[in-house]
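**Student:** Work the whole structure out from these sequences, hints included.
There are 2 protein chains.
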Amino acid sequence: MNRQKKYVYLFNEGNAEMTGLLGGKGSGLAEMSNIGLNVPPGFTITTEACIDFLNSGDFPEGMWDQTLEKLHEIEKRTGKKYGGENPLLVSVRSGAPISMPGMMDTILNVGLNDSTLVSLIKATGNERFALDSYRRLIQMFGDVVFGIDKSYFEDIIRSVKVERNKKDDVDLDASDLRVIIEKFKELYIKNGKVFPLEPLDQLRISVEAVFRSWNSERAKVYRELNGIQDNLGTAVSIVSMVFGNMGNDSATGVAFTRDPNTGKKGIFAEYLTNAQGEDVVAGIRTPKEIEDLRNEIPSAYDELIRSASTLEKHYKDMQDIEFTVEKGIFYFLQTRTGKRSAKASIKIATDMAIEGLITREEALMRITPRILDTLLHPQIKRNGKEVKLGKGLAASPGAAVGMIVFTSEKAVEFAKEKKKCILVRPETTADDVRGMSVSEGFLTQKGGMTSHAAVVARAMGKPAVVGAETLNVNLKEESLTVGNITLREGDIVTVDGTSGEFYMGSVDLEVSKITEEALTLLEWADKIRKLGVRANANTPEEAIIARENGAEGIGLARTERMFLGGDRITIMRSMIMSNSLPERLKYLDLLLPMQIHDFVEFFRTMEGYPVIIRLLDPPLHEFLPNKEEIMNEMFSLKLKLTKSSDNFEIDSSIARLTDLNRIFQTIKNLEEFNPMLGFRGCRLGLIYPEIYEMQVRAIITAAKRVTEEGKTIYPEIMIPLVGVDNELRIIRERLEKVAKEVSGKEKVPYKFGTMIEIPRACLTADKIAKEADFFSFGTNDLTQMTFGYSRDDAEGKFMAAYIGEGILPYDPFTTVDEEGVGELMKMAVKKGKATKKTLEVGICGEQGGDPQTVEFCNRIGLDYVSASPLRIPIARLSAARSAIKLENDR
Amino acid sequence: MNRQKKYVYLFNEGNAEMTGLLGGKGSGLAEMSNIGLNVPPGFTITTEACIDFLNSGDFPEGMWDQTLEKLHEIEKRTGKKYGGENPLLVSVRSGAPISMPGMMDTILNVGLNDSTLVSLIKATGNERFALDSYRRLIQMFGDVVFGIDKSYFEDIIRSVKVERNKKDDVDLDASDLRVIIEKFKELYIKNGKVFPLEPLDQLRISVEAVFRSWNSERAKVYRELNGIQDNLGTAVSIVSMVFGNMGNDSATGVAFTRDPNTGKKGIFAEYLTNAQGEDVVAGIRTPKEIEDLRNEIPSAYDELIRSASTLEKHYKDMQDIEFTVEKGIFYFLQTRTGKRSAKASIKIATDMAIEGLITREEALMRITPRILDTLLHPQIKRNGKEVKLGKGLAASPGAAVGMIVFTSEKAVEFAKEKKKCILVRPETTADDVRGMSVSEGFLTQKGGMTSHAAVVARAMGKPAVVGAETLNVNLKEESLTVGNITLREGDIVTVDGTSGEFYMGSVDLEVSKITEEALTLLEWADKIRKLGVRANANTPEEAIIARENGAEGIGLARTERMFLGGDRITIMRSMIMSNSLPERLKYLDLLLPMQIHDFVEFFRTMEGYPVIIRLLDPPLHEFLPNKEEIMNEMFSLKLKLTKSSDNFEIDSSIARLTDLNRIFQTIKNLEEFNPMLGFRGCRLGLIYPEIYEMQVRAIITAAKRVTEEGKTIYPEIMIPLVGVDNELRIIRERLEKVAKEVSGKEKVPYKFGTMIEIPRACLTADKIAKEADFFSFGTNDLTQMTFGYSRDDAEGKFMAAYIGEGILPYDPFTTVDEEGVGELMKMAVKKGKATKKTLEVGICGEQGGDPQTVEFCNRIGLDYVSASPLRIPIARLSAARSAIKLENDR
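Residue numbers (my numbering), protein chains in the order written: chain A, 5 to 894; chain B, 5 to 894.
Treat the hints as calculated values from the structure; they're not laboratory data. Careful: at least some of the hints might be erroneous.
It does not matter which identical chain is meant; a pair holds if it fits inside one copy or across any two.
Stated by the list, open to error - With a straight-line cut-off of 20 Å between C-alpha atoms, the simulated SDA-like cross-links for lysine to any residue are: (1) Lys343 x Ser103; (2) Lys835 x Glu823; (3) Lys751 x Tyr814; (4) Lys771 x Glu823; (5) Lys320 x Ile358; (6) Lys631 x Gln669; (7) Lys170 x Val183; (8) Lys480 x Lys672; (9) Lys771 x Tyr814; (10) Lys642 x Leu661; (11) Lys841 x Glu413; (12) Lys835 x Thr670.
It should be emphasised that the depicted structure is a prediction, and the values quoted were computed from it without experimental measurement.
**Tutor:** Here is the structure:
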C-alpha cells in the first residue's frame with residue numbers, strides 16, 4: 005500500500021522538537037497543548053507541504069483531505085461546525101522554522117460569510133462582535149490574498165468614522181460596520197476581485213496565500229539579510245478562533261515572561277480589551293499594562309501568571325506570548341523565546357542560573373560576545389535631529405564628542421585647558437600618538453581597519469572613524485570639508501566608531517555601565533575557562549583599566565611610546581642621526597632614566613602579575629618627520645630666499661635649510677621600499693645592540709627597584725620579528741650579560757621570549773623554542789606575511805571587494821584566518837611545546853580580542869590571549885564559552 | 005696486557021684509505037708502495053700521535069719506541085745506518101688528512117752532522133753533494149724548528165756568492181759550502197740557538213716541530229678560510245732520503261699526469277737536474293720540461309711515463325706527483341689528486357669517462373656547478389696595469405667594457421651608433437630596462453644583490469656591479485665621481501660583475517667558450533637527470549639563448565615588459581590615469597595588437613616547447629614616474645613662474661604644471677606603504693578584470709594564429725600572487741570565457757596555473773590545486789614573505805651582517821632556505837599532488853638556477869626548474885648530479 009505522507013498534525017500530535025516541520029508557531033502551540041496550557045484546538049500543515057506546493061503549484065496529494073479530516077476533528081472538539089449553524093471560525097497563521105517576525109501573513113476569522121455571520125450573531129447574541137469579525141476577515145483576506153493595499157481599507161474605516169462622527173474603532177456600532185463591510189466588498193470589485201463566500205474556498209485560498217507569502221519580496225530580502233535558507237518553507241497553523249473582541253471580559257495581548265529591556269523578573273505584558281489580533285501592535289489604541297488586567301479580568305491575570313511560570317520552567321528561557329481572553333477564559337495563541345536587549349540578556353541568563361533554571365554554563369552559552377560588547381562602549385543616542393556629515397570605516401567602537409583639532413600639539417593644548425577634542429588627520433603616524441592619547445576620538449580621511457589610527461584607537465579604547473573618503477582634510481588651512489560644509493578648529497563634531505558615522509555638533513551619548521549581572525557572569529566565566537586573559541597595554545593608565553576589566557597580566561607592552569613625546573622624540577631623532585656608536589650611546593644614556601621611570605610605574609601598577617615588554621619594533625624612519633612635508637618646507641624656504649632681501653631672514657632661512665637638509669638626507673638613507681619587511685624589530689636590535697641593551701638596562705634596573713620596595717613582579721622581555729633561531733640566541737646572550745651586570749648579586753627574575761609573527765618562525769619553532777621561555781603570536785604581522793597583504797594598503801585597495809565578493813569569508817585582520825595563519829600557529833604550538841614542555845604560548849595580535857579567534861586559540865592549546873584593555877571582558881567570556889563547547893563536544 | 009697503541013706505520017702497512025690517520029702524503033706513499041711503485045723506504049707517525057702531543061706536550065707513550073723500531077727496519081731495508089758509517093738520512097714531512105699546500109713543514113737530510121757528513125762524503129765520493137745536503141738541513145731546520153727567518157740564510161748564501169764571484173747556487177763549490185755552513189751555525193748562535201749534532205735529537209726535534217706546525221698561525225688561518233676542522237692533526241712521514249742533487253744523472257721534479265690548464269692528456273712535468281726539494285718551486289733556476297728529461301735521463305723518463313699511467317688507473321684521476329731521480333733511478337716522493345683549471349676539470353672528467361677509467365656519473369660528480377659557471381662568462385684578464393676605481397656588489401657575473409651613459413635614451417642612441425656602453429645609474433627602475441637591454445653592463449651606486457639592476461642583469465646575463473657606495477652619480481651633471489676622479493658620458497669603464505670591481509678605461513677580457521667536452525658532459529647530464537630544465541625569458545631573444553643552452557621550455561615569461569617601451573608606456577600611463585572602465589578599455593584596446601604581435605613571436609620561437617606566461621604582476625604605480633622627481637620639477641616650474649614675465653613661457657609652464665599635478669595626484673592615490681605586499685598580481689587582476697582579459701585575448705589570439713601556421717605550441721597561462729583558492733577560481737572562470745570566445749570552434753589548447761609565492765598558498769595548496777593545472781614556485785616573493793624580508797631593503801641594510809655573523813648560513817635569495825621556505829615548498833608539493841596527481845610543479849624564482857636549490861627541488865619531487873637562460877647549463881648539470889646522489893644514497 006502506498007501510504008500517504010502525513011502533511012497535517014493536530015496540536016497534540018506535535019511537540020517542541022518539530023520546529024523544522026511545524027514551524028515555530030506550530031511546534032509552540034503543540035508543545036503548549038502537551039504541557040496542559042489552554043490552547044484553542046487546531047492543527048498545523050507542514051513546511052514540507054509548503055515546499056511541495058511552491059515547487060508544483062498544487063497542494064501535495066492527500067494534504068487537503070488530511071486538512072479536512074483534522075478540521076472535522078476540531079469541529080468535534082469545539083462542538084462547532086465550520087460553515088454551519090454554530091459556526092467554527094479559524095485563523096490561518098504562518099510560522100516558519102526560524103522566526104521572521106512581521107514578514108509572513110495571518111488571516112483571522114476564516115469561515116465567516118454572509119450566512120455564517122447570521123449564525124454567529126445568533127450563537128453569540130453579539131451582533132457588533134460578529135460584524136467586527138467579518139470586516140476584519142474581509143480586510144485581512146483582501147490584503148493577504150489579493151494584495152489590496154491595507155490603506156484602502158483603513159481609508160474606508162476612516163471615512164465612515166468621519167461621516168458618522170465616531171472617534172475610535174470601538175465607537176463603531178453594528179450599523180457602521182455593515183456599511184464598512186459593504187464598502188469593503190465594493191473595494192474588492194473595484195480591484196477586480198470577489199470575496200469568496202464559500203468557507204472551504206476561504207480556507208483553501210488562505211492556506212495557499214500563506215504558502216505563497218514565503219516567496220514574497222520582503223520575506224526573501226529578510227532571509228537574505230538574516231542568512232536564512234530559502235528552502236525551509238513555512239508551516240500553516242489552522243487554529244479555532246477564540247475572540248478577544250466579545251466584550252469587556254474579552255481581550256487580546258502579548259506578554260513577556262520577564263522585562264525584555266531590563267531583564268527584570270516578572271510578567272511584562274500589554275493588552276487591549278475587546279480587541280482582536282493585531283490591534284495591540286497596530287498602535288491604534290494605547291495598550292494597557294499587566295496590572296490593569298489583574299483588576300479587569302482577574303481570572304485571566306491569574307492564569308497568565310501561573311502559565312508564564314510553567315512556560316519558563318518548561319522552555320528554560322524567557323518567553324514571548326500571544327494570548328486572547330474570551331469571556332474571561334485565557335487562551336495561548338503563541339509562545340516563543342523572547343527577543344531582548346543586551347542588558348536584559350545578561351540579567352535573564354544570570355538570574356535563571358541563580359534560580360537554578362539553567363546551569364552557569366548554559367547562562368554563559370546564551371551570552372554571545374556581541375551582546376557583551378554592546379554594553380561596553382558609549383553609544384550614540386539618536387533623536388532624528390542629528391546632522392550626519394558622512395561615513396567612514398567603523399574602526400574602533402563607541403562614540404565621542406569634541407572640538408576639532410588638526411595637530412597633536414593643539415590636542416595637548418586643548419587637553420590642558422580641559423577642552424575635549426577630536427583629532428582629525430588625513431592619516432595618523434607615530435607623531436600623533438601623543439595627541440591621540442589626550443583626544444576623545446579620531447577621525448581620518450585615509451587608512452583601513454588596521455591603519456595606524458585604527459590600531460591605536462582600539463588599543464586606547466577610543467572611538468575612531470577612519471578612511472572617511474568623502475572628507476577632505478586640509479592641514480594647511482586647518483579645515484575639514486564634506487560637500488559644501490567646512491569646519492574648522494574648535495568646531496564640535498561627534499564620531500561614532502560603532503557605525504562609522506560622524507556628525508556635526510554634539511549628539512547625545514548613552515553610556516552603558518557593565519552591570520552587576522555581567523560581572524557575576526564574568527566571574528563564572530573565569531572559573532570555567534582554561535585560557536588565561538592578558539591585556540595589551542602600553543602605559544600604566546591602560547594597565548589600570550586592564551586590571552579593572554579582569555586582565556591577569558600584560559601580554560604586550562610596546563616600548564615605542566617611550567621614545568616619543570616631549571624631549572624624547574628630539575633625543576631619539578638625534579640618536580638616529582648620529583654617525584658613531586659613542587654619539588648614539590650619549591643619546592641613549594639620556595633616554596635611560598626616563599625609561600627606568602616608565603618601567604617602575606608600570607611594574608608597580610602590575611604588582612603580582614606578569615608584564616611582557618616588547619623591545620623596540622618599528623623601523624627608525626618612523627621616528628622621523630614626513631619626507632614630503634620636509635620637501636615642501638624646503639621648497640618654501642628656497643622660494644623665500646629668492647625673494648627676500650632681509651639679511652636676518654636670509655640667514656635664518658639658510659640655517660633652517662641646512663637642518664632640514666640633514667634630516668632629509670637621514671630620511672633618504674633610512675627610507676625603505678617595504679618598511680613592514682625592512683630594517684626593524686630584532687634586525688635593528690642585532691645591528692645596533694646598544695638600543696636593546698639600553699632597554700634591558702632600564703627594565704632590569706626598574707625591576708630591581710620595585711622588587712626592593714617589597715613588591716613581587718614578573719617582567720618578561722620579548723623580542724619582536726624573530727625568524728631565525730640564531731637571532732634570538734645572539735640577542736639573548738647579549739641581554740643576559742646586561743641583565744647580570746645590572747642585577748648584581750640579587751638576581752632579578754625575568755623571562756625571555758619572542759614574538760612569533762614571521763611565517764618562518766612558525767616553521768622553525770622547534771629550534772626557536774630552545775632560546776625562548778615564551779612565545780607570543782603577533783597575528784597582525786603574521787597575517788600580513790602569510791597572505792602577503794600590507795594591511796594599510798589592503799584595507800584601502802582591495803579588502804572590501806575581497807570580502808564583498810566572497811573571496812575571503814571575513815577580514816583576517818579582525819579574526820584569525822584558521823586555514824592559513826591558523827595552520828602556522830598550530831604548527832608553532834606543536835613544535836614549540838615539543839622542544840620545551842614549559843613553553844608559555846599566547847597571542848598578542850589584535851585578533852586576541854576577537855571571540856572566534858579566542859575560541860580558536862583555546863582549541864589549539866594556547867596558554868593565554870592578550871587583548872586591548874576594553875576587550876578583556878569579551879575575551880574572558882569567549883574563553884569560557886570555548887571551554888564549554890569543547891567540553892560539550894567530548 | 006695493556007697492548008700499546010700503534011702510532012707508527014711502515015709504508016707497506018698503510019693504504020690509500022688511511023688518509024685520516026696517515027695524512028694525504030703518508031697514505032699516498034703507502035699506496036704507491038703497495039702498487040709496486042718505487043718509493044724510498046719510510047714510515048708514517050699518525051695524526052693521533054700529533055693530537056696527543058699537542059694536547060699533552062709530550063709524545064704519547066710508545067710512539068718514540070715505535071719510531072726507533074721502524075727506523076731500524078729502514079736501516080735494514082736500505083742497508084744504511086742512521087748516524088752511522090754509511091749514513092741513512094731521512095726527510096721529515098708533514099701531511100694532513102686534507103691537503104693544505106704550502107702551509108706545513110718539511111725538513112730534508114735529517115741525520116747529517118759533522119761526523120756523518122764525513123761518512124757521507126766517503127760513501128758517495130761526492131763532497132759537494134754532501135756539503136750541499138748539510139747546508140740545506142741546517143737551513144731548513146733553523147727555519148722550521150727555531151723560526152729563524154729564511155731570508156737570513158739566503159742573505160748568507162748571497163753574500164758568499166758575491167764575495168767569491170759565483171753566479172748561481174750550482175756554481176758554489178765545496179769550499180764555498182763549507183764557509184756557508186760555518187756562517188749558518190754562527191747565525192744559530194746569534195739567535196741564541198744551537199744546531200743539534202746528535203742525529204736522534206735532530207729526528208725527535210724535527211717530528212715535534214712538524215707536529216707543532218699544525219697550530220702555526222698561517223695553518224690556523226688557512227683552515228678557517230677553507231673550513232677545515234682544527235682537530236684533525238697532521239701525520240709525519242719519515243722517508244729515507246734519495247738525492248736529486250747527486251749530479252747530472254740526478255734530478256728532482258713535479259709532474260701532472262695531464263695538463264692542469266687545458267686537461268690535455270699526457271705528462272706535464274717540470275724538473276731540475278742536480279737539485280733537491282723546493283728548488284723547482286722556489287724559482288731560483290728555470291725548471292726544464294718533460295721532453296728534456298727524455299734526453300737527459302731516459303730511464304727516469306720511461307719510468308715516469310709508465311708509472312703515471314699506473315697511478316691514473318689506480319687513482320682514477322689526474323695525479324700531481326713529486327719525484328726525485330737519484331743516479332738515474334726514479335723515486336716517487338708524493339702523489340695526490342692534482343688541482344686543475346675549470347676547463348681542464350671538464351676535459352679530464354669527460355676524457356676519463358670516454359677512456360672508460362670512470363663512469364659518466366663519476367665524471368658528472370667531479371664537475372661542480374661552480375666549475376662550469378666560470379666557463380660561462382667573460383672574465384677580466386688582469387695585467388697589473390688596470391686602474392681600479394672601486395668595488396661594489398658582484399651582482400651578475402662576467403665583465404664588460406663600454407662608454408659611460410647615464411640615461412636609457414642615451415644608451416639607445418649609442419647603441420644605434422654601434423657604440424658599446426655601460427649604463428651608470430644611482431639605481432635602476434622599470435624605465436631603464438630599454439637602456440639596459442642595449443648596454444653591455446651596468447653599474448649602480450645603490451641597491452643590493454636583488455635590486456632591480458641586479459635582477460634584470462642576471463636575467464639578461466649581463467655583468468653588473470651594484471651598490472658601489474663609494475661612487476657618486478650626479479645625474480644633473482651627467483658625471484660619476486670616485487674620490488677625486490670624475491668621469492663623464494663617453495668615458496670608458498670596465499665592470500667586473502664576477503668580482504664586483506670596476507676600472508677606468510678598457511681592461512682586456514678573456515672570453516671562454518663552452519667547450520666540446522662541456523657539451524658532451526651536459527648531454528650525459530640530460531640523459532641522467534629526472535628534473536626538467538626550463539628558462540625564465542621575457543623576450544624572444546632571451547628565449548633563443550635559452551634554447552641554445554638546452555632549455556626545454558620557458559618556465560616564466562613576464563609580461564611586464566610588454567607594457568613598457570616606446571608608445572606603450574604612454575598608453576599604459578593613460579590607462580592607469582583613466583577614471584572609468586570605458587576609458588581603460590580604450591587604452592587596453594590600443595595595447596592589444598602590440599601584445600598579440602609579441603606573443604606570436606614568442607610562440608614561433610618556442611615551437612614545440614611549453615611557454616608559461618605570467619599575467620601582469622607589479623603594482624600600477626611602478627609604471628608611473630618617480631614622485632620625488634615630479635615634485636622637484638613642479639618646484640622648478642613654480643620658481644620659474646615667480647620670475648618669468650614671458651607670457652608664452654608662463655603659459656607653457658602652467659600647462660606642464662597642470663599635467664604634472666594630475667600625474668602627482670595619481671601617484672599619491674596609488675602609492676603604497678609596502679608595495680610588495682600591496683595592490684598587485686591577481687589582486688589587480690580581480691579588481692580590474694579588463695587587464696587580464698586583454699592579456700588572455702592577446703595570448704589566445706596569438707596561439708591561434710601560430711597554430712594555424714602549422715606549428716605545435718604549448719601556452720600556459722600563469723596567475724601571480726595567489727593566496728586564496730577563490731582568487732584563482734574566479735579568474736579562471738573569467739579567463740576561460742575569454743579564451744572560449746577567442747578560440748571559437750577550434751579549441752586552442754592551453755594550461756592554466758598559478759605562481760606559488762605566498763606562504764598561504766603553500767598552506768592551502770590542496771584547495772588551490774583544484775583550480776590549477778600547474779604550480780610554479782616564485783621563491784623570490786616566497787622567501788620575502790616567509791622571512792618577512794623586503795629583499796631590496798634587506799640587502800642594503802642587514803643581510804651582509806646576518807651572513808657575516810652566521811645568523812644565516814647563506815643568502816636565502818640566492819639559495820633556497822630549506823628549513824623555512826623549503827618546508828613550505830614540500831608542503832605545497834605534497835598537498836598539491838595529493839589533490840591532483842597530474843599537477844605539474846616547477847620553480848621560477850631566481851634560486852632556480854642555483855645548484856643547491858636545483859638539488860633540493862629534485863629531492864622534493866618538482867617536475868622542473870626554470871632558470872635564467874645563461875644558468876641553464878648549470879641547472880642541467882645540477883639536476884643530473886642530484887639524480888646521481890639520490891641514486892647513490894639508496
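**Student:** Of the hints given before, which are not true for this structure?
**Tutor:** Violated: hints 3, 11, 12.
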